[in-house]
Each structure stands twice: as structure tokens, then as C-alpha cells.
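Taken in order, these protein sequences are the chains called A and B. Sequential numbering from 1 applies to the first sequence in full-length UniProt numbering. Sequential numbering from 1 applies to the second sequence in full-length UniProt numbering.
Hints in this document: simulated from the structure, not taken from any laboratory. Hints should not be assumed to be uniformly reliable.
[Said to hold, decoys possible] Below 20 Å or equal to it, Euclidean Cα-Cα: the simulated SDA-like pairs (lysine to any residue) are: (1) B:Lys-49 x A:Asp-7; (2) B:Lys-132 x A:Met-58; (3) A:Lys-2 x B:Arg-79; (4) A:Lys-2 x B:Pro-111; (5) B:Lys-142 x B:Asp-112; (6) B:Lys-7 x A:Asn-52; (7) A:Lys-2 x B:Arg-91; (8) B:Lys-142 x A:Ile-8; (9) B:Lys-49 x B:Gln-67; (10) B:Lys-49 x B:Ala-92; (11) B:Lys-7 x A:Asp-60.
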Amino acid sequence: MKESLMDILCDPLDKSELELEVDERDGDEILEGRLIGTVTGEVYPIEDGIPNLLPPDMRD
Amino acid sequence: MRSVKGKEWYQADEVAQEYDSKRFSKGGRLIDRREKEAVLAALGPVEDKNILEIACGTGRFTVMLAQEGANVVGLDISRAMMVQGREKARRAGVADRIEFLRGDAARLPFPDDHFDAVFAMRFFHLADTPAKFLAEMARVSKQQVFFDTFNDGSLRVAYNWLLPMGSRLYSEGDVRRLLGDAGLDLADAKHDFVIPFGFYRKVPNGIAQPFRSLDLAVGDSPVGDDLASVSYWNARVESADEPSRAATRASDAE
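Build the full structure now, drawing on both the sequences and the hints.
Okay, structure coming up:
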């Protein structure tokens, strides 16, 4: 995902803000990391450039 | 957005890799072309529009819209499908106009009224809670919501054995109720394919074409709409200044 996607992404549970933590990037492209709900504390992983915003009850 | 064939089936790597060639080769090419025309006709011109595609799968429409100049977000539950989509986007040179992400169509990770258009193709027949999904699509769109349904009362019912088990069929009344409950106004509806999809998928293109011509001839006749197996619904978001539109919708959706 591009970092600019942060402008629109929000927590699927309560639409509150997310915080980005980056482990690996390639320029503007975030490859590995996580999005953390600033209110819910929920952690949404970014895996190989694709963020996983599935709520916890829908993850494998 | 659970597939009735099962979440595991849909998310398997080998299923995703063969998905396009299995579904959209042979007579399936006709379906692919017709569906792409339907999406472009409804959403276009899309240049510089911000568009969200629900259940984007391997990105058939996502990539096409990006090629037409749109900025597209594709959402799906399957990572394997979107890896295929990303590959397709790279080959087409439009990867910088597309973002793929995993998410639940009933709980979208976007703010209210963000996208110019939100659409879903081949999704509602698999939807277990359509009211919830449509309300959520309406919430994040500021203008337009577009989707297709497979119809009840059509010849398709006679071909039930070709449908994934448990597919949901919709009458026009069902769709109108869903739209109303989601705060959407129907702007345009198109009805198509008297002969069901499953048939086209199984025959070679050369055989499919004459049937398709016959299909269009019947489809254009006065009884065509009643026999149609697929409908395309183009809806507008009701005026945003109505009080607590989103709040009302959210509490109504089951």
C-alpha cells in the first residue's frame, strides 16, 4: 500500500483513526508493517504490501 | 462476503491462479465483455474519479477502470485473488492507480461519503446480509452505488443446478426495498442475459456467439425484461444534507 492511503483508511470497527507502523518500505510503498486502531487498539497487519483490514472475528 | 462455495475455496492460491482462465475463457469471454461494458456505461467517464470496488477478486474491473484513468481501491476477503489482481495491474502499467486491501464489506475501513462511486459485481448473489452490505456501500459513497443481481422468476431458476448452492436470487421488489432502506434512489436499471451465465461458460466462443445474438433478440422483445437473468442497478446517494442519514441507515440494517 502507498503511504497516502493512510489519508482515507480508518478502523473498520468504529471508523476511528489508525496509526501506521512500518517494518519495510520501498519508497512510498509500505511492504510490511501494521495499522493500529487508536481507540480500539486492534492490530491490522500489512503483509507483502496488502493491508488486512478484516475485523478480528473474520481472520483465519 | 462469504462465498457459498466456501471461504477456503475462494481464498486458495491454486483457485485464484486459475480463476480468470476458468471463468472467462470460451463463452465466458462474452460475459466478461458485457459486464465490463455495463460497469463503464454506468460509472463512466471515470477519469480522476475515486472509486471503490467491493469484492474485486482478481481485479477484472479494478484494472479496467484504472486504465480509464480512475483511482481505484479494490477490497476483497481473499489475499490470493488480489495477488493475481496486482499482477494484472502491473502488467497493464496501472499499479500506481490501484490499492488492494483485505476487508469486510459490512464493516468498511473508510469514512462516510468518501468515494465518487462504489460498486460490486457478482457479489450480491453470494451475500448473506445484503441490507448491511448495501447500507455500508451507500455510507462511503458520496454519489453513486452500482451492482448486479441474479433474478428470481427468470429462466435462471430452471438452471439452478449451475448456480452455486444457496445463491440468493432477487426480484425487482427486493432490490427496490434494499435501495430504499440504504438511502439510495434508483437512477437506472438494465436487464440482460435470458440464457444463464453457466451455459455460456461451458461452450466455446463460436457456439456462444449465435446464442448470444438470439439472447439479445429475445432480451430486446417486450417479454425480455421478465426473462432476464441478470440486472444491473445504478443508484444515487440521497441528498447528503438530510439529517442523520448514516445513523438511520446503520440502525436499520440488520
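Hint check:
1. Note on Lys-49 of chain B and Asp-7 of chain A: the hinted pairing holds, with a Cα-Cα distance of about 16 Å set against a maximum of 20 Å.
2. A distance of roughly 16 Å separates the Cα atoms of Lys-132 of chain B and Met-58 of chain A; the hinted pair therefore holds under the 20 Å criterion.
3. Restraint check for Lys-2 of chain A and Arg-79 of chain B: the C-alpha separation of about 17 Å stays at or below 20 Å, so the hint holds.
4. Under the criterion of a C-alpha separation no larger than 20 Å, the hint pairing Lys-2 of chain A with Pro-111 of chain B is consistent with the structure, at around 18 Å.
5. Taking the CA atoms of Lys-142 of chain B and Asp-112 of chain B, the gap is about 8 Å. The hint holds against a cut of 20 Å.
6. For a cut-off of 20 Å, the pair hint linking Lys-7 of chain B to Asn-52 of chain A stands: about 16 Å separates their Cα positions.
7. The suggested pairing of Lys-2 of chain A with Arg-91 of chain B holds, with an alpha-carbon distance near 18 Å, which does not exceed 20 Å.
8. Of the pairs offered as hints, the one joining Lys-142 of chain B and Ile-8 of chain A holds, with about 14 Å between alpha carbons and a cut-off of 20 Å not exceeded.
9. Restraint check for Lys-49 of chain B and Gln-67 of chain B: the C-alpha separation of about 12 Å stays at or below 20 Å, so the hint holds.
10. Using a Cα cut-off of 20 Å, the hinted pair Lys-49 of chain B and Ala-92 of chain B holds, with the two alpha carbons roughly 19 Å apart.
11. Distance hint between Lys-7 of chain B and Asp-60 of chain A is fulfilled; the C-alpha atoms sit about 10 Å from each other, no more than 20 Å.
Of the numbered hints listed earlier, not one is contradicted by the structure.
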